[in-house]
Structure formats: structure tokens, C-alpha cells
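Enquirer: One letter stands for each residue in the lines below.
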Amino acid sequence: MRRQVGIVDRVHGPVVEARECQSGMMMELVHVGEAGLVGEIIKLSGNRGVIQVYEDTTGLAPGQPVYGTGMPLSVQLGPGLLGRIYDGIQRPLVDLKERMGTFISRGEQIPALNGDALFSFTPITTLDERVSGGTVIGTVPEGERMIHRIMVPPGLSGKILFIADAGSYRAADEIALLEDDTGRKHSLTMIQHWPIRQARPVRRRLQLSRPLVTGQRVIDTLFPLAKGGTVAIPGGFGTGKTMTQHAVAKWCDADVIIYIGCGERGNEMTDVLREFPLLVDPRSGTSLMDRTILIANTSNMPVSAREASIYTGASLAEYYRDQGYHVAVMADSTSRWAEALRELSGRMEEMPAEEGFPAYLPTRIAQFYERAGAMETLSGYEGSVSIIGAVSPPGGDFSEPVTQHTKRFVRCFWALDRQLANARHYPAIGWLESYSEYIDDLEAYWKEQGQGGWISHRRTILDLLQREVRLLQVVKLVGPDALPDSQRFILEVCSLFKRAFLQQDAFDEVDRFTSIEKQANMLKLLLQYWDMGSRAISRGATVIQLRRMKVVQELMKMKFRSDDNWDSLEGKLQRAFDRLELLYEES
Amino acid sequence: MKNPDAALMKYREYLGIDGIDGPLVVVRKTHPVGFRELAEIRDQSGTIRLGQVLDTSRDAVLLQMFHDTSGLTLPSSRVRFLGEPLTVGVTREMLGRVFNGLGQPIDGGPRPVGVREADVNGLPVNPTARVYPRNYIQTGVSVIDGMNTLIRGQKLPIFSGSGLPHNELAVQITRQAQTAEGNDNFAVIFAAMGVKHDVARYVIRSFEESGVMDRVALFLSLAGDPSIERLITPRAALTAAEYLAYDQGMHVLVLMTDMSNYCESLREISTVRGEIPSRKGYPGYLYSDLAELYERSGMVETSEGSITQLPMLTMPNDDISHPIPDLTGYITEGQIVFDRELHGRNIYPPVAALPSLSRLMKDGIGEKMTRGDHPHLAGQLFSSYSYVKDIRNLASVIGEEELTPIDKTYMEFGSFFEGSFVKQRMDENRTMEQTLELGWEALRILPVEELHRMSEEELETYL
Ligand SMILES: Nc1ncnc2c1ncn2[C@@H]1O[C@H](COP(=O)(O)OP(=O)(O)O)[C@@H](O)[C@H]1O
Ligand SMILES: [Mg+2]
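Same order as they appear, the protein sequences are chains P and U. If you read the first sequence in our numbering, its first letter stands for residue 1, the second for the next number, and so on. If you read the second sequence in our numbering, its first letter stands for residue 588, the second for the next number, and so on.
Pairs of lysine-lysine, DSS-like flavour, derived with a Cα cap of 30 Å:
{"hint": "1", "chain 1": "U", "residue 1": "949", "chain 2": "P", "residue 2": "518"}
{"hint": "2", "chain 1": "P", "residue 1": "498", "chain 2": "U", "residue 2": "995"}
{"hint": "3", "chain 1": "U", "residue 1": "949", "chain 2": "P", "residue 2": "559"}
{"hint": "4", "chain 1": "P", "residue 1": "498", "chain 2": "U", "residue 2": "949"}
{"hint": "5", "chain 1": "U", "residue 1": "995", "chain 2": "P", "residue 2": "557"}
{"hint": "6", "chain 1": "U", "residue 1": "949", "chain 2": "P", "residue 2": "557"}
{"hint": "7", "chain 1": "U", "residue 1": "976", "chain 2": "P", "residue 2": "550"}
{"hint": "8", "chain 1": "P", "residue 1": "498", "chain 2": "U", "residue 2": "976"}
{"hint": "9", "chain 1": "U", "residue 1": "616", "chain 2": "P", "residue 2": "43"}
{"hint": "10", "chain 1": "U", "residue 1": "995", "chain 2": "P", "residue 2": "550"}
{"hint": "11", "chain 1": "P", "residue 1": "476", "chain 2": "U", "residue 2": "976"}
Computed footprint of chain U on chain P; a stretch qualifies when at least three of its residues, placed anywhere within it, have a C-beta under 8 Å from a C-beta of chain U:
{"hint": "12", "stretch": "3-17"}
{"hint": "13", "stretch": "261-268"}
{"hint": "14", "stretch": "390-404"}
{"hint": "15", "stretch": "474-482"}
Calculated directly from the structure, the hints in this document are not laboratory data. From a predicted model like this one, the values you see are computed outputs, not experimental measurements. Heads up, the beta-carbon is just placed ideally off N, CA and C, and yes, glycines get one too.
The whole structure should be built from the sequences, with the hints applied where relevant.
Expert: Okay, here's the thing in C-alpha cells:
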């Protein structure tokens, strides 16, 4: 039976006003008009309601009915999410294509999870056991590598009256029956629903202590992100936000990747769909697509579903976190989400704050990033959600509201630099403006890896890069010849460091991923060159001599080496300086 | 979605309208009218003006007219709502024809009988139905082929300035474009928004001269035409392009000029509606609106065809951070940026190498596509040329004579790069081989230690 909760009264774009809305609930999921467009009640006042519609409203007219569903806009959670691609309100795009062809038309409802797929269920709980929200009652394998843990939904607790035997079941089959303290019985399946705008509950937040290893040198060594941490990647168009997000999605050591294409290009999603299945995850040996869920609400898809897309993504992430996994969420781009907020707010004729954005923009940004964290889950596991948000500042100017507010709520900042991008220095993460507040949290990890020198090496090279800036200012005025060789050598080392270490070719089979150990070794060798070189200069060597050393070419190419024969390179460096010493001591 | 009685309602006519404000018209007491429905207003003389529904409620319907509203009166205007959005009849017969900005023929011929009527607003392509574009187009222009390679199905705009030769470059690309698989199933769509008559004339003449006029469809909303019509022009043009590419399997090149005029029309409407502006008075939805146009390019699984877009825009005050080029750059797959200073030095095409970018190039060049050394060669040219820019700044302070010998070599490299690699004649059609060889000729000016992007083997083979 359809329950009518209103009548369309006014349509302007994605915002619909309705009358006779007494029975509608705030945040209720509704179907609007004869075509049943998906919408959400976002405002109620008197008997009038405002509905945000997630599909194109062309043709919708006053007088058409609005039907309620009795529940808030929710995601469907269960086995079979991995490897798939959804739109901003979790409609499966491949199924939509099969149903409607190349173009996305409207009013089509397809469940997110494929109802026919069979999963091999292993029960964990036993009859009469007391369970509560988060208790794992069984597991199913999902794909080749994941154990999907079937949990009691948050908020429910009671006694197990029935638990299915091991065997094959569809996700929607009953696998357990639970009786709560009031005596009410609840049938449990592998599927649960969760309202997207609400964070899933956990036992407690944990201190962050492990890095999200990305294999990207400028990130892991200079500006690392912790598992459970938050980072913003601001940058003008073409500076490398998407490439950085893709690189992290491919190579980071998370268990699950949620990639949200929020108001960006269709082809970029196609690119992921084409490339990820072909790439092999070095840790599990299976395809990278097996650990990835894509949310695609591209720039030409309805703007209100764009607004919802990041919450859909965050909810999926929390669900895998609750199973004890480390999840990384990429949102490209949070600015497009903020613009969707602005557009909807404008249509509702709300009072704007800065640059037309609603006054609640900072609150919403904070709420989103708050969903990140390392947590002890309701089941007692440790899991984490890391959020990596791209920001697209108008004109590449970081002083605009979205960048500025985001900066307040993230603890890591990978600032993309236009000059670097133009010179095709990739990744164009600028070392002067970027920062990470996770250094202290992660020190212990590097020590465990046998790389206790990391903090001090990192500081040394950042310090050299700072000094380079000041020296370059001098050079700009008087030319490099005016500097003494000891200072010119700083310029030399920085330029070597940029080419040999910071620049990383995302398209090179070897260079695209660098292990922590290799990063540490590369940095150590470069700093040895700096140490020995400075000493040599103080004893009479010249910058030209140092620059012409054959071993410099080897340092430059070490990123392309796949062996780990670092001692021999170190020996070579030492011998080269010994030979050099003979030279300048003669003269 | 149609209203239940839409079929009948389109015959119902209302006498009298309730308000006119610039291009906006208010009509009260109508039947329930659908959002974005097309409406016709007939004045006393019988002239018909078209508009579409921007806002519809029980009490009033707000129309945005595509024609000039001057001369309309409140009591004697007659309004009809047509029950569906603006459509164009799409057919192969559109080729060789000239249309106005709303897709109506203006060449004296009859309205082509459409195979079907297609909503000009189009629908979003399902990202899973797209095919990632990878086949490069040889344009014969070195700075594009070598460093910003154009890919079939790409949207690559030209960021120009007033008085700079973007039309010339667009025409040259159209004339010279070639792909490895040959060229016989192609079409060109030209959408002109607010450009002067002689510009349209120049472009049309060049099509005539190269004998391709029967493969071209023109959608013209020239400077003298009502500015609001321009909001439809690219939509009508892209609707035709989608039919030709995705239904007919043709390779369609869409030239759109000048996107800045389009954006100004959008701002005009937004201002009259009293919407809260974001930057420089442009509406907050400028990004989404432009994306609705630019995303109508690419390739799809169900067709052999493709839509390649070459939009052109003039950067107000040559400012690339202005909202129009800025938002365009955020949507398109790269950009070709013009530089007034190069133009002043008589370098054609005046393409500023560093801010220009082709995002799809990375997957369309290299071994088996263009040539194995191409990716590194392009990277090296970018990197060395960016150093030239630094040196020039230094030279302007300390004087060229004071430069170190190596920096002087870079200056020499810079002049060769601009004067021989970038610069070429408007009728000069270089092969990919020639372009890459010119690139190496430039690099040979520099000492080999400076070529850190090239591999040993590449240096051995080509240096
Ligand atoms: N790490 C990288 N390695 C190689 N090329 C890169 C890298 N980062 C960016 N690029 C180049 O820059 C272009 C634009 O990058 P993209 O990430 O799409 O920019 P944004 O998302 O900031 O607009 C890419 O198409 C690619 O050519
Ligand atoms: Mg991007």
C-alpha cells in the first residue's frame, strides 16, 4: 500500500515544495510524482514540506502525489558490495545500464545488492547466546580475499533463537532469529540498512599510530597520513588531485577502498573501471577492484545526489570498518559537494554566508571528516576509516571558504602547486605549504621498521628545502655565481632531491610504488651525498666537481631500481668520494 | 515524464500574461505545468516566441524566453504549454544545413524530418557505458601533437583572449585532423554563440574551401541574435552530435565558440532572477551547467562513433583564474592556453606550453601509438622549457651576459623551442615524426646531463 505524504506544489530544479505533508517525517525517503523520483524530506513547517529530489525533475508538475517510505535515505549493507559501482544514492550503475542503456533516465529502482547471488555462510554464534549490536554471528567470503563478517545491526540486542547451519544462502535469506528483552522477535539476514547521514556507532576512538602507507615518497616520507586520519588535497585544475587520489587508491595498504567521484568527470570513473581490475594488489595478489567500491555521481548527474554521495561513501566505509578493516575513502572533489549544498541552499532561499555558501557549511565539513578515525568497533575489533578529500579552490586560491574550513578539520594537507605542475614535476605536492600533524604519532612505527633515522632525516631535508627558498631569492637578484660553493651545493642537493626522490612517475611500473624501506634507503643515500659533499667542499672541492660525479647519475636513477642492493650503492658513493678526495687534495 | 493530460493540454491557450522582466515571463492560473516544459507565446501580430519553464507552482509559472520579449504586452499575449521540453528532430540530414541557435533551419530549406525528437538537454551518460578514449588525433600542429596530444573523444578547450587567433587554430585543426584508422566517417558541428558575423563567415568559408560543407552542421546564434538563445545553442548542437556519434557511429568534432558569451547569458538570466551569485556575479551552478555541456563528449560501448569537443573561450582580461576558464578547466580534459606575449612576437599558434595540458594524452601516446620516446620527450621539453622561464626572469634582472654558460644554452634552447617547434604556418601540416624530430632537435642544444627525463636507450637512439 502506498502511503501518500504530500502533493507537489512547486518545482524549481531539484527542490520541490509540497503541501498536505502532515504525515511526512523529517528526512524521510519519498517517491515524487507518477514517475516515483527518489527524494528526501528536508524541511517541514506547518503542513508544508521541502523535498530534495535526487533525479532530474523535468516534467514534474504541481498536483502530483508524493509517497512516503517510512524510512530515511539509507544504504543497503551486506556481502557483494566490493567491486561494484553505484551512483550517489547507491543505485547500481551496471544494472541501470542493463535496464536503460547508455543514458541514465529516471524513476528506476534497483536494489544495491544482487538478490540472487549465493554466499557460503559459516555461523559463529550458537543458540541462546546473548548478542548485541556488532556481535558477529557468522562470516561469508566476499571475493577471493575478504572475510565478510555478518553482524547484528547496531541498536539490537537479545537472545539467538535460531542460527542457520553452514551452507549457501542468498543475502536476503533469514540466517538468524533474535529475541530482544521485550520478547519481540527480529529476523536477521546478511543485509542491514543504515541511514547515510548518521555515523555508525563504535565503542571508542583509538589513538592513531600506523601510517596509511601509500608508496608515494613525498607522502610517506615527508607528509604521512595515519590510518584513521584525514587529509585534504587542494589544488587548481590540472595540478594532480585526481592522479594523487588514484595513486593512493591503487597502492595504499588499506583493506577496502571507497572511491567517491563527486561531481567530477565521467571518463575518470571509466578509467578506474578499466584499470583497477587489471592491476594486482601487491599484498593480496588479487585484483585491485576486489577491494574497491566506486560511488560515481559525475558532474552532469543530478546535483542533489551529489550532495548525498559522500555520506553514502562514508556509511559503506564505516560498515567495513565495523568488521575490523582499514578503509580509505577518497572523495574527489569535496568542493563539488559543497557547491551542491550551496545550490540547494540557494533554491531554498536560505540566507547565504561567505560566497553564497550556507552558514552551516563548516559544520557539515566537520561532520564529514569526523567520520574518520581509528576505532574499537562494537565487535571489539580495531578498524579505521581514513578520509582523503580533494578540494578544488576557484582560481586555485586557497583562501576561499571550502579550503579554509576544511583546513580546520583535517590534520594533514597536501597542497598542490601550480608551478610544479606546469613544470611537470609530479606529484606536484608543494613541500613548503604542505604539512602533516601525524609525525609524532607515527615515529614508533618507523622505528619498528628499523628506520629510526626517519624523523631526523626528514627534518634535515625539509630544512635544506627551506634554505633553498632563501638562497633562490638571492639568486634571483644577483645570479648563482655570487653564492659561495657551500651554498650553491645546497641548491644542487635540493635539485637532486626533487628529481631523484620527490618526482615520482605514476606510469612507470617500478617507480609508481616505493616501499617504506626503499624510501628510507633512498633518503639516507641522498643525505650521505649531502654530508660527504659538504665536507668535500670545505676541504676544497668545487660544486662542478660534485655535480659531475658519475655516482650522481646512479642516485638519480635509484628510484627505477627494483633490487634492494643498497649497501653496494652506499659503497660506491663512499668510493666515489674517496677518489674525489685524491683529486682535490692534489690540486 | 508527461502529465496525464499533456496531450490535450498543449492545445489549451491562455490569453494574457501577468508579468515580464527582461527575458522572464510570469503566467498565472494555468493548469499544472511541468518543470522545464516548452512554452510558446504568440503576440498580436502572430509572431511566436519560445521559452521554457524555470519554476512552476500552483499559482504561477515562470518562463525563461529564448527570444526577445520587447514588444510583448500583458493582456494580448497568448500562451501555450507544449507538454514536453525543447526538442530537435535528429537525422543525418542535418549535415550540410544551417540552423539558428534553437536548432531551427535558417538556410531556406525545410525543417529536416527527424528520425526522432530528442530533448536538447540530453541525459547523463552512465559512466559504466563509456569507453575510455585512447586514439590520438594527429592535428599537424607540433605544440599540440608533441606536448598536448588530442585524443578522439576528448574535450579540449582553447583558452584565448580577444584578438588572438583561436578561430584560425580551430580551423587548422579541423582541416588537418587525421587518425591512424583514417577519416571517412566524420562530421563537424559548429556552434556559434554571440560571435560576429565575419567570424562565422571565416569558419564557414574554410569548410567550403576544404570541400567538407556537406559534412558540417552549423548552429548559429550570432552577436545580433538575442543573447538568451545562446543558452540553447550548444545544447541543440550537442544533441545533433550525440545522434550522429552514438546512433550513426560517426566521429564528430564539435567546435563551440565563444563559451564566454554563453556564460554571460547565463549570468544575465541569473541576475534577473535575483539569485545569489558566487564569483563575479556568475551563478553558483555555472560549474554544473557547463558540465552538462562538456560531459556530452566521449565514446560509448554501443557505438563506434565519438564526440570530440573543441570549445573556445576568451579569457576576460587574459585572466585564467576568471570563473569561465577556471570552471571550464575543472571540467574539460585539459586546455590549450594562448599567450598574448607570444602572439606579439609573431609566434603562431601562440600556445603557452606550460599551462596547456592534455589529460588524455598519457594513455594515447608512446609505444605502438605514437612512438616509444614520446612520453619522456614531452616531459623533458616541459621541464627544460619551464627552466627557460626562470632563466629569462633572472636575465632580466642581472643581464643576459651575466648568465652562466649553461644558462645561456638554455636561452638558446628557449628561442629554438618557441621559434621553430611551436611556431608554424597556418597551412603547415607536420607529421608526428616531424614533430618528435623537431623536439629532439631542440633538446640537442642542451648538454646531455641536462636530459634527466630521457632513458639511456632513448638518448642512444635519438640524440
Ligand atoms: N603523479 C603524476 N604522474 C604523472 N602525471 C601526473 C601526475 N599527477 C598529475 N599528472 C598529470 O596531470 C594531469 C592532471 O592531473 P589530475 O589529477 O587530473 O588533475 P586535477 O584532478 O587536479 O585537475 C594528468 O592528466 C597527468 O597528465
Ligand atoms: Mg580531478
